[in-house]
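Let the sequences and hints guide you as you build the complete structure.
Protein chains: 2
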Amino acid sequence: MKMYAYGYDVSADSPMVMMHTEDCIKVGIKEKDRVAITGNKTIIAIVTRSSKLIEPGTILLTDELMGKLEIENGEQVNVIYAHDPDSVKSIRKKMDGERLDRDQIDGIVNDILDNRLSDIEISAWLTALHINGMDIDEIADFTMAIANTGEILKFSREPVFDFHSLGGVPGNKVTPIVVSIVAAAGLMIPKTSSRAISSACGTSDFVETFCDIELDSTKVKSIAEDTGGVFAWGGSMNLAPVDDLVIRIEHPLGINPRAQMMASIMSKKVAMGATHLLIDIPTGSGTKVGTMEQAKVYARDFMDLGERIGMHIECAVTYADQPVGISVGPILEARECISILEGEKHPSSVVEKACECAGIILEMAGIPNGVVRAREILDSGEAHAKFMEIVVAQGGRPDLKSTDLVPGKFTVDIKAPNSGYVHAIHNKEVVAIAKAAGSPVDKGAGLQIFRKKGQRVEQGDVLMTIYAESEAKLKRAKEAAIKDNPFEIEGMLIQRVTDIRPR
Amino acid sequence: MKMYAYGYDVSADSPMVMMHTEDCIKVGIKEKDRVAITGNKTIIAIVTRSSKLIEPGTILLTDELMGKLEIENGEQVNVIYAHDPDSVKSIRKKMDGERLDRDQIDGIVNDILDNRLSDIEISAWLTALHINGMDIDEIADFTMAIANTGEILKFSREPVFDFHSLGGVPGNKVTPIVVSIVAAAGLMIPKTSSRAISSACGTSDFVETFCDIELDSTKVKSIAEDTGGVFAWGGSMNLAPVDDLVIRIEHPLGINPRAQMMASIMSKKVAMGATHLLIDIPTGSGTKVGTMEQAKVYARDFMDLGERIGMHIECAVTYADQPVGISVGPILEARECISILEGEKHPSSVVEKACECAGIILEMAGIPNGVVRAREILDSGEAHAKFMEIVVAQGGRPDLKSTDLVPGKFTVDIKAPNSGYVHAIHNKEVVAIAKAAGSPVDKGAGLQIFRKKGQRVEQGDVLMTIYAESEAKLKRAKEAAIKDNPFEIEGMLIQRVTDIRPR
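Residue numbers (our numbering), protein chains in the order written: chain G, 180 to 682; chain H, 180 to 682.
Hints are computed from structural coordinates only; laboratory data are not their basis.
One or more hints might be untrue.
Note that the list lumps identical chains together, so a pair holds whenever it fits in one copy or between two copies.
[Stated by the list, open to error] Restricting the straight-line Cα-Cα distance to at most 27 Å, the calculated cross-link-like pairs of lysine-lysine (DSS-like) are:
#1 Lys398 to Lys588
#2 Lys205 to Lys594
#3 Lys272 to Lys607
#4 Lys268 to Lys662
#5 Lys398 to Lys333
#6 Lys594 to Lys662
#7 Lys580 to Lys467
#8 Lys467 to Lys607
#9 Lys524 to Lys631
#10 Lys205 to Lys662
#11 Lys205 to Lys400
Structure follows, in structure tokens:
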């Protein structure tokens with residue numbers, strides 16, 4: 180059918196066009212059917228019908244689609260019914276609990292990337308993955324399909340080490356320390372990180388307070404080959420770009436199917452050319468992985484997957500029942516991280532976790548007594564020197580000091596309402612307070628924790644200080660802290676039993 | 180956050196608004212998060228972000244949403260983050276394989292009806308239903324929840340009989356005959372039908388060629404109470420309106436989850452006040468229900484469901500390996516249907532099926548030897564008299580004759596390429612040809628079948644005639660018939676075995 184095409188300036192994530200209901204009936208098109216539209220080029224799009232907002236004989240397209248057709252407003256196009264792409268059949272197969280082969284998985288991944296699937300279809304795909312899952316061979320194919328949607332880096336030397344934390348625990352600022360130790364030991368570890376998705380502060384969120392993280396792949400490659408390390412933001416490279424299109428649908432559904440999560444993580448490691456990978460699995464209540472049993476299942480799955488795709492993977496199950504270290508929020512975490520590299524000697528879960536993780540990586544490279552060696556590299560200042568080398572390569576100041584980093588000027592202390600012992604510090608509430616204070620967008624927002632689990636507190640002791648960059652957000656964070664206090668403080672005696680008869 | 184609101188005239192099925200990415204970051208809103216927008220009224224909407232198409236400080240809403248807010252272009256509104264409705268949690272529960280209680284099911288159904296769920300969420304819901312299903316108690320709650328979204332008719336007398344065919348077999352024009360026989364027996368059967376969704380011709384598609392089917396509920400009620408019968412289009416009444424919103428998402432996914440299908444059918448019967456229902460389950464290859472075993476499972480489930488919601492249900496498993504009768508397409512089916520009521524004596528699967536179904540309904544009403552009685556009512560002309568009474572009540576001509584109905588003037592005969600016996604007439608190909616010819620929109624389009632399964636044909640015999648209203652569609656249908664001939668003609672000897680040794 181010949182129609183006159185007009186552009187409209189509303190973006191749609193999926194390739195939607197609008198046609199008059201009468202025209203749709205003529206051509207035999209139902210709501211959300213596909214059509215092939217031919218102008219100077221041919222595209223496939225998905226139809227929305229309206230009998231009010233458009234004249235019969237015309238078709239409305241997004242400006243992006245007008246551009247792809249290479250036509251101007253008012254030009255004539257030809258519109259015919261188009262069949263669903265094969266990937267829709269593959270999605271149906273997964274909905275029916277069948278396994279998919281490599282070609283089918285490639286088809287789905289590429290059709291998501293090229294905007295050939297509607298949000299409805301991607302939602303069905305993710306829901307089917309959430310419920311029916313994938314076996315490890317499918318996940319391996321899925322990983323490679325996702326990796327192949329973007330650039331794949333190739334370094335001039337191997338092995339290439341990498342480190343990934345599944346996240347979910349606030350205050351986890353170990354990555355720059357791990358990278359600095361490993362690089363100082365002479366190994367190469369080109370590390371990309373992400374910004375916070377649902378957390379209060381991702382690695383990239385705090386690293387960008389002291390150096391540039393938006394590096395292209397050429398820069399990442401040269402810094403890593405020169406210094407051994409890098410702390411880049413993955414988002415500024417063209418790694419596994421299909422991922423962002425999927426997250427857009429996962430987020431409102433509140434799901435992250437295991438197959439999608441594993442393939443998404445691993446595809447980026449494949450894209451970064453990693454040959455050896457340590458995965459940190461923070462385990463504890465209020466994190467993504469609640470129990471040791473779950474953590475072991477994840478570890479086994481990742482190691483199986485590594486075998487399938489030819490990557491050596493080890494896993495570290497780490498303690499995550501409370502925040503790591505004593506700060507949450509970009510500037511506060513940067514300050515704590517750098518102070519540790521500078522040699523500050525406070526007893527610290529950050530030091531311990533960083534050295535354990537770096538130690539495993541050293542041992543993967545054949546260096547004996549990895550943890551001891553990692554600690555030596557940190558204590559001797561070698562890690563700090565390496566850290567500064569990388570920071571400078573990433574455009575940071577050569578005289579950077581932790582004390583340069585100043586958090587928000589609006590603060591409030593949260594005090595203990597009673598005396599006792601800290602029985603718990605709940606991660607979810609800590610995250611909620613830091614976000615209420617403005618983290619991670621407001622770099623100075625966050626919180627500083629003065630008491631950790633097991634410590635004695637007296638009534639009125641300061642448990643934590645909240646920092647914000649505005650009065651209003653401080654107020655909001657304070658209210659969150661009062662409503663849902665992350666600290667559980669009780670005496671050593673939980674309950675006194677004086678009468679054993681049932682009441 | 181205060182923003183200036185502007186309307187745009189593109190309809191969206193879900194309540195989408197657009198905000199500038201920077202504003203979203205300020206308010207802490209991600210793509211597809213919900214916001215509460217307050218103008219003169221408050222609404223909840225789902226956000227799409229853009230950093231190009233909109234100025235910071237403004238929010239774009241559909242005109243429909245502007246109307247709900249009761250504001251004009253350029254007025255200020257207040258925008259804050261809004262949590263997901265509880266129904267999103269219930270959808271998650273079903274995704275995780277849990278059962279839902281009545282309140283949770285009500286919540287989902289009402290939130291779909293009131294446009295509070297996005298297409299992505301409805302897609303996840305339907306996918307979860309497709310995979311994880313519902314038990315019969317959940318389906319009963321689901322049925323009532325859907326029925327309660329619309330009008331529920333109450334007739335002045337009971338019992339109220341109803342008849343429903345699961346469909347899937349072409350040429351199934353029995354409904355007006357069944358209704359006429361049952362009403363002629365003095366029973367009340369207010370029957371609503373649908374237009375074709377994926378088939379070549381629904382009951383409403385052919386009934387509207389000879390009388391008005393778009394009746395409101397007052398009219399349906401008065402015709403049924405006066406004459407005992409009615410053949411109305413369900414779509415013109417406000418029955419279970421949430422259904423259309425669901426079909427919109429089911430269709431592109433190509434699924435019809437069993438729970439949704441059953442609840443959707445039964446909710447309309449509840450809304451029509453039915454106390455007794457016969458369900459026709461056409462069973463055969465190329466239909467929705469392929470085997471006798473599947474048919475029995477459907478029958479048992481519907482009868483269980485009937486018990487839960489207090490409706491007496493019986494089921495008829497009917498033969499559907501080939502089209503019912505000898506015609507497919509609105510005018511052709513109307514002509515065949517009326518000629519049977521007029522008393523034409525040709526041996527007919529339509530007559531047999533209609534009398535069997537009507538007979539079961541008569542027996543449900545306590546009339547003995549139902550099938551024999553139904554045939555008497557048809558043969559005596561009582562059914563035809565009742566049919567004409569209903570047709571006239573629905574605005575049809577009192578002198579209506581089957582010969583008044585003239586199909587499309589463009590025709591082509593499809594002839595047997597070889598001699599033999601008709602081994603099969605494939606339903607899917609028959610439907611595809613009729614649709615290619617223009618059915619059901621072109622009322623005169625369709626096909627007339629001259630040979631049925633088991634009959635002998637000689638090379639060159641006419642197997643069927645295709646009718647169309649335009650040369651172009653006739654050509655398209657002929658091409659479809661040549662490419663995928665629905666007729667399988669073979670000799671009685673399928674294969675001659677002359678050598679039993681393996682080759």
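#### Entry: Violations among the numbered hints
1, 2, 7, 11
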